[in-house]
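Colleague: Spelled out from the first residue to the last, the chains are:
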Amino acid sequence: MSYSRKSAASALLSPRDVMPGKFVSEKVREIPPSGIRKFFDLVLEMDDVISLGVGEPDFVTPWHIREACIYSLEKGFTSYTSNLGLLELRELISKSYMKDYGIDYNPKNEILVTTGVSEAADLAFRAVTNPGDEVIIPEPCYVSYKPSVSLAGGVPVPVPTYRDDEFRVTADQIEKSITKKTKALVLSYPNNPTGAVMERKDLEEIADVVNENDIAVISDEVYARLTYDGAHTCFSSLPGMKERSIILNGFSKSHAMTGLRLGYAAGSEELIAAMTKIHQYAMLCAPITAQMGAVEALKNGDGEMQKMVREYNRRRRLIVGGLNKLGLDCFEPRGAFYAFPSIKSTGLTSEEFAGRLLKEEKVAVVPGSVFGECGEGYLRCSYATSHEELVKALARIEAFIEKL
Amino acid sequence: MKEILEILESNPRIALKEIATMTGSTEAAVASKIKEMEKKGIIRKYKTVIDWEKAGEEYVYAIIELKVALRSRTGYDAIAERIARFPEVRSVRLISGDHDLSLTVRGKSMKDVAFFVAEKIATLEQVQGTVTHFVLRTYKEDGDVLFEKERSERLAVSP
Numbered sequence: 001m002s003y004s005r006k007s008a009a010s011a012l013l014s015p016r017d018v019m020p021g022k023f024v025s026e027k028v029r030e031i032p033p034s035g036i037r038k039f040f041d042l043v044l045e046m047d048d049v050i051s052l053g054v055g056e057p058d059f060v061t062p063w064h065i066r067e068a069c070i071y072s073l074e075k076g077f078t079s080y081t082s083n084l085g086l087l088e089l090r091e092l093i094s095k096s097y098m099k100d101y102g103i104d105y106n107p108k109n110e111i112l113v114t115t116g117v118s119e120a121a122d123l124a125f126r127a128v129t130n131p132g133d134e135v136i137i138p139e140p141c142y143v144s145y146k147p148s149v150s151l152a153g154g155v156p157v158p159v160p161t162y163r164d165d166e167f168r169v170t171a172d173q174i175e176k177s178i179t180k181k182t183k184a185l186v187l188s189y190p191n192n193p194t195g196a197v198m199e200r201k202d203l204e205e206i207a208d209v210v211n212e213n214d215i216a217v218i219s220d221e222v223y224a225r226l227t228y229d230g231a232h233t234c235f236s237s238l239p240g241m242k243e244r245s246i247i248l249n250g251f252s253k254s255h256a257m258t259g260l261r262l263g264y265a266a267g268s269e270e271l272i273a274a275m276t277k278i279h280q281y282a283m284l285c286a287p288i289t290a291q292m293g294a295v296e297a298l299k300n301g302d303g304e305m306q307k308m309v310r311e312y313n314r315r316r317r318l319i320v321g322g323l324n325k326l327g328l329d330c331f332e333p334r335g336a337f338y339a340f341p342s343i344k345s346t347g348l349t350s351e352e353f354a355g356r357l358l359k360e361e362k363v364a365v366v367p368g369s370v371f372g373e374c375g376e377g378y379l380r381c382s383y384a385t386s387h388e389e390l391v392k393a394l395a396r397i398e399a400f401i402e403k404l
Numbered sequence: 001m002k003e004i005l006e007i008l009e010s011n012p013r014i015a016l017k018e019i020a021t022m023t024g025s026t027e028a029a030v031a032s033k034i035k036e037m038e039k040k041g042i043i044r045k046y047k048t049v050i051d052w053e054k055a056g057e058e059y060v061y062a063i064i065e066l067k068v069a070l071r072s073r074t075g076y077d078a079i080a081e082r083i084a085r086f087p088e089v090r091s092v093r094l095i096s097g098d099h100d101l102s103l104t105v106r107g108k109s110m111k112d113v114a115f116f117v118a119e120k121i122a123t124l125e126q127v128q129g130t131v132t133h134f135v136l137r138t139y140k141e142d143g144d145v146l147f148e149k150e151r152s153e154r155l156a157v158s159p
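Protein chains in written order, with our numbering: chain A, 1 to 404; chain B, 1 to 159.
If you are wondering where the hints come from, they were derived from the structure by calculation, not from laboratory data.
Keep in mind it's a predicted model, so treat the numbers as computed, not measured.
One or more of the hints may lead you astray.
No more than 30 Å apart at the CA atoms, straight line, and that leaves these computed lysine-lysine pairs for DSBU-like [claimed, not checked]: (1) Lys392(A) / Lys108(B); (2) Lys392(A) / Lys54(B); (3) Lys344(A) / Lys17(B); (4) Lys120(B) / Lys181(A); (5) Lys307(A) / Lys111(B); (6) Lys392(A) / Lys45(B); (7) Lys140(B) / Lys75(A); (8) Lys307(A) / Lys45(B); (9) Lys362(A) / Lys149(B); (10) Lys140(B) / Lys325(A); (11) Lys149(B) / Lys75(A); (12) Lys40(B) / Lys307(A); (13) Lys325(A) / Lys40(B); (14) Lys403(A) / Lys307(A); (15) Lys307(A) / Lys149(B); (16) Lys35(B) / Lys54(B); (17) Lys38(A) / Lys27(A); (18) Lys40(B) / Lys392(A); (19) Lys403(A) / Lys17(B); (20) Lys33(B) / Lys47(B); (21) Lys54(B) / Lys140(B).
Looking from chain B toward chain A, a few residues come up when the C-beta cut is under 7 Å (computed) [what the hints assert, rightly or not]: (22) Met22; (23) Thr26; (24) Ala29; (25) Ser32; (26) Pro87; (27) Val89; (28) Lys149; (29) Glu150; (30) Pro159.
Label-pair distances were calculated between CB atoms; the ranges are [stated by the list, open to error]: (31) Ala231(A) / Leu155(B): 47 to 57 Å; (32) Thr26(B) / Leu73(A): 47 to 57 Å; (33) Leu87(A) / Lys35(B): 48 to 58 Å; (34) Asp302(A) / Val49(B): 36 to 46 Å; (35) Glu199(A) / Arg13(B): 37 to 47 Å; (36) Arg137(B) / Gly259(A): 29 to 39 Å; (37) Leu136(B) / Glu388(A): 39 to 49 Å; (38) Arg73(B) / Val60(A): 45 to 55 Å; (39) Asp144(B) / Gly347(A): 40 to 50 Å; (40) Gly240(A) / Ser158(B): 51 to 61 Å.
Backbone N, C-alpha and C fix where the C-beta goes; we use that ideal spot for every residue, glycine too.
Just chain A, same shape as in the assembly (with noise of 0.2 Å):
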């Protein structure tokens, strides 16, 4: 009895091989990795490496925020929220769009808090695309929308940009793009990785396009906060433009959140319960202590706020300066915290440059191909780092030209 008993068991846990990346589904073992990683696993080899390569704030949370932070764990706050996010934040939300922008979002059905902008625009994607339809992306730009128009059955359309066009997607461009099939433009200004910025006359153009082709906008503004020397424009300001577009925003960018994960989105009652449906099974909702961080950001976060982006706009300058100066042609970009210098006149590639530079003066910057293919011959350096690091990037970078 007990001899049969046993081999039942042995013949159970006898292991079977499996074959590699059997359960991985195709449509993720389609997407290629992120460039970003294969530099990321370089630099962590190295040592006294001055990096320019990074897409978050130098700057430590300010006191306040983490200060109400601490206060909401010591006061028990850690429970689940509504799927939407707590309404007092999402009111604050709504006053500042209604303050800064003049857009009226309804903050009991307008506008959904999400864990941080990347989720935001998953579920935007995810909302609106039906399987096989287009999605027009304006390139260079941030890693996420290919791969996330993709995973939600949407076929990504790139659009090059170019630095003759201060890497501003055209209304025409766009109008050439579209198709039976496209759904959607994804618009993300000011951009990263070029730090391009739109005037106004230039998405009032783009609404145009957009109006007459019926097609919906995504538009990723989560570093309107910085842009310098002039105001930002929201997409969804302009006439007609609030019910077809989706905004995304953020804290991780304006108020040196990255960590603490805080993102939203605001759009048209309709988009937004249909992501709020994805985001109640995945996400349930955005962590409370981070929400709480946010409503003190709305609410006193000004003056840091803007202490950071007057200290951004000097670094701005100095790099910029200084990469021209070194002969690395570099559009003055007006928002975000990247400069875009071109590298062509050394005649190496992006991945060349960057990693020649990496392993012979140990600075690190990201190849700007990274970001798209029309990326190429440019690299993304982030001024978020302080300014001794970046007059010490830029000498070092200066030797290194010296020696091509």
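Could you slot chain B onto chain A? The hints should help.
Modeller: Frame of chain A, contents of chain B only:
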């Protein structure tokens, strides 16, 4: 102008060339602006915040509160100026509340400070009374937090 002042306030040793790039101006323009502000007394002096304790120097600080009786026709300014002339006195402030003036005094030892207050300050004709608080520890000085510097632990490369 405010921009230049903000830069200098956080780092007075910065090169003119860098201020010029950061403010989108020329070196000559920045230099003349700074000179003008120095002349006008907007820029009072360039100084260094030092953690003397770390440097091994034992300084003793005390906050002294004074009650002052004004003499006819001379205001607080006159007595404040007399007190301010002593190099031992690091700061003099007119304050509201129970006392009139608040000083910070620095000396080599507690005895040093105590004698200074007893002999030089308490003996002034207008001074009616003094309260001396010895500083046991300084946590923040002139906007500079004297704890370990905060470092954000960022990844070296991120999207």
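Colleague: For every hint, state whether the structure bears it out.
Modeller: Cross-check of the supplied hints:
{"no.": "1", "hint": "Lys392(A) / Lys108(B)", "verdict": "violated, 40 Å"}
{"no.": "2", "hint": "Lys392(A) / Lys54(B)", "verdict": "holds, 28 Å"}
{"no.": "3", "hint": "Lys344(A) / Lys17(B)", "verdict": "holds, 28 Å"}
{"no.": "4", "hint": "Lys120(B) / Lys181(A)", "verdict": "violated, 89 Å"}
{"no.": "5", "hint": "Lys307(A) / Lys111(B)", "verdict": "violated, 44 Å"}
{"no.": "6", "hint": "Lys392(A) / Lys45(B)", "verdict": "holds, 28 Å"}
{"no.": "7", "hint": "Lys140(B) / Lys75(A)", "verdict": "holds, 28 Å"}
{"no.": "8", "hint": "Lys307(A) / Lys45(B)", "verdict": "holds, 23 Å"}
{"no.": "9", "hint": "Lys362(A) / Lys149(B)", "verdict": "holds, 24 Å"}
{"no.": "10", "hint": "Lys140(B) / Lys325(A)", "verdict": "violated, 40 Å"}
{"no.": "11", "hint": "Lys149(B) / Lys75(A)", "verdict": "holds, 28 Å"}
{"no.": "12", "hint": "Lys40(B) / Lys307(A)", "verdict": "holds, 26 Å"}
{"no.": "13", "hint": "Lys325(A) / Lys40(B)", "verdict": "violated, 35 Å"}
{"no.": "14", "hint": "Lys403(A) / Lys307(A)", "verdict": "violated, 38 Å"}
{"no.": "15", "hint": "Lys307(A) / Lys149(B)", "verdict": "holds, 19 Å"}
{"no.": "16", "hint": "Lys35(B) / Lys54(B)", "verdict": "violated, 34 Å"}
{"no.": "17", "hint": "Lys38(A) / Lys27(A)", "verdict": "holds, 22 Å"}
{"no.": "18", "hint": "Lys40(B) / Lys392(A)", "verdict": "violated, 34 Å"}
{"no.": "19", "hint": "Lys403(A) / Lys17(B)", "verdict": "holds, 25 Å"}
{"no.": "20", "hint": "Lys33(B) / Lys47(B)", "verdict": "holds, 19 Å"}
{"no.": "21", "hint": "Lys54(B) / Lys140(B)", "verdict": "holds, 14 Å"}
{"no.": "22", "hint": "Met22", "verdict": "holds, 4 Å"}
{"no.": "23", "hint": "Thr26", "verdict": "violated, 12 Å"}
{"no.": "24", "hint": "Ala29", "verdict": "violated, 14 Å"}
{"no.": "25", "hint": "Ser32", "verdict": "violated, 19 Å"}
{"no.": "26", "hint": "Pro87", "verdict": "violated, 34 Å"}
{"no.": "27", "hint": "Val89", "verdict": "violated, 32 Å"}
{"no.": "28", "hint": "Lys149", "verdict": "violated, 10 Å"}
{"no.": "29", "hint": "Glu150", "verdict": "holds, 5 Å"}
{"no.": "30", "hint": "Pro159", "verdict": "holds, 5 Å"}
{"no.": "31", "hint": "Ala231(A) / Leu155(B): 47 to 57 Å", "verdict": "violated, 32 Å"}
{"no.": "32", "hint": "Thr26(B) / Leu73(A): 47 to 57 Å", "verdict": "holds, 51 Å"}
{"no.": "33", "hint": "Leu87(A) / Lys35(B): 48 to 58 Å", "verdict": "holds, 55 Å"}
{"no.": "34", "hint": "Asp302(A) / Val49(B): 36 to 46 Å", "verdict": "violated, 28 Å"}
{"no.": "35", "hint": "Glu199(A) / Arg13(B): 37 to 47 Å", "verdict": "holds, 39 Å"}
{"no.": "36", "hint": "Arg137(B) / Gly259(A): 29 to 39 Å", "verdict": "holds, 32 Å"}
{"no.": "37", "hint": "Leu136(B) / Glu388(A): 39 to 49 Å", "verdict": "violated, 34 Å"}
{"no.": "38", "hint": "Arg73(B) / Val60(A): 45 to 55 Å", "verdict": "holds, 54 Å"}
{"no.": "39", "hint": "Asp144(B) / Gly347(A): 40 to 50 Å", "verdict": "holds, 47 Å"}
{"no.": "40", "hint": "Gly240(A) / Ser158(B): 51 to 61 Å", "verdict": "violated, 37 Å"}
Figure legend: structure checked against the earlier numbered hints; hints not met, in rising order: 1, 4, 5, 10, 13, 14, 16, 18, 23, 24, 25, 26, 27, 28, 31, 34, 37 and 40.
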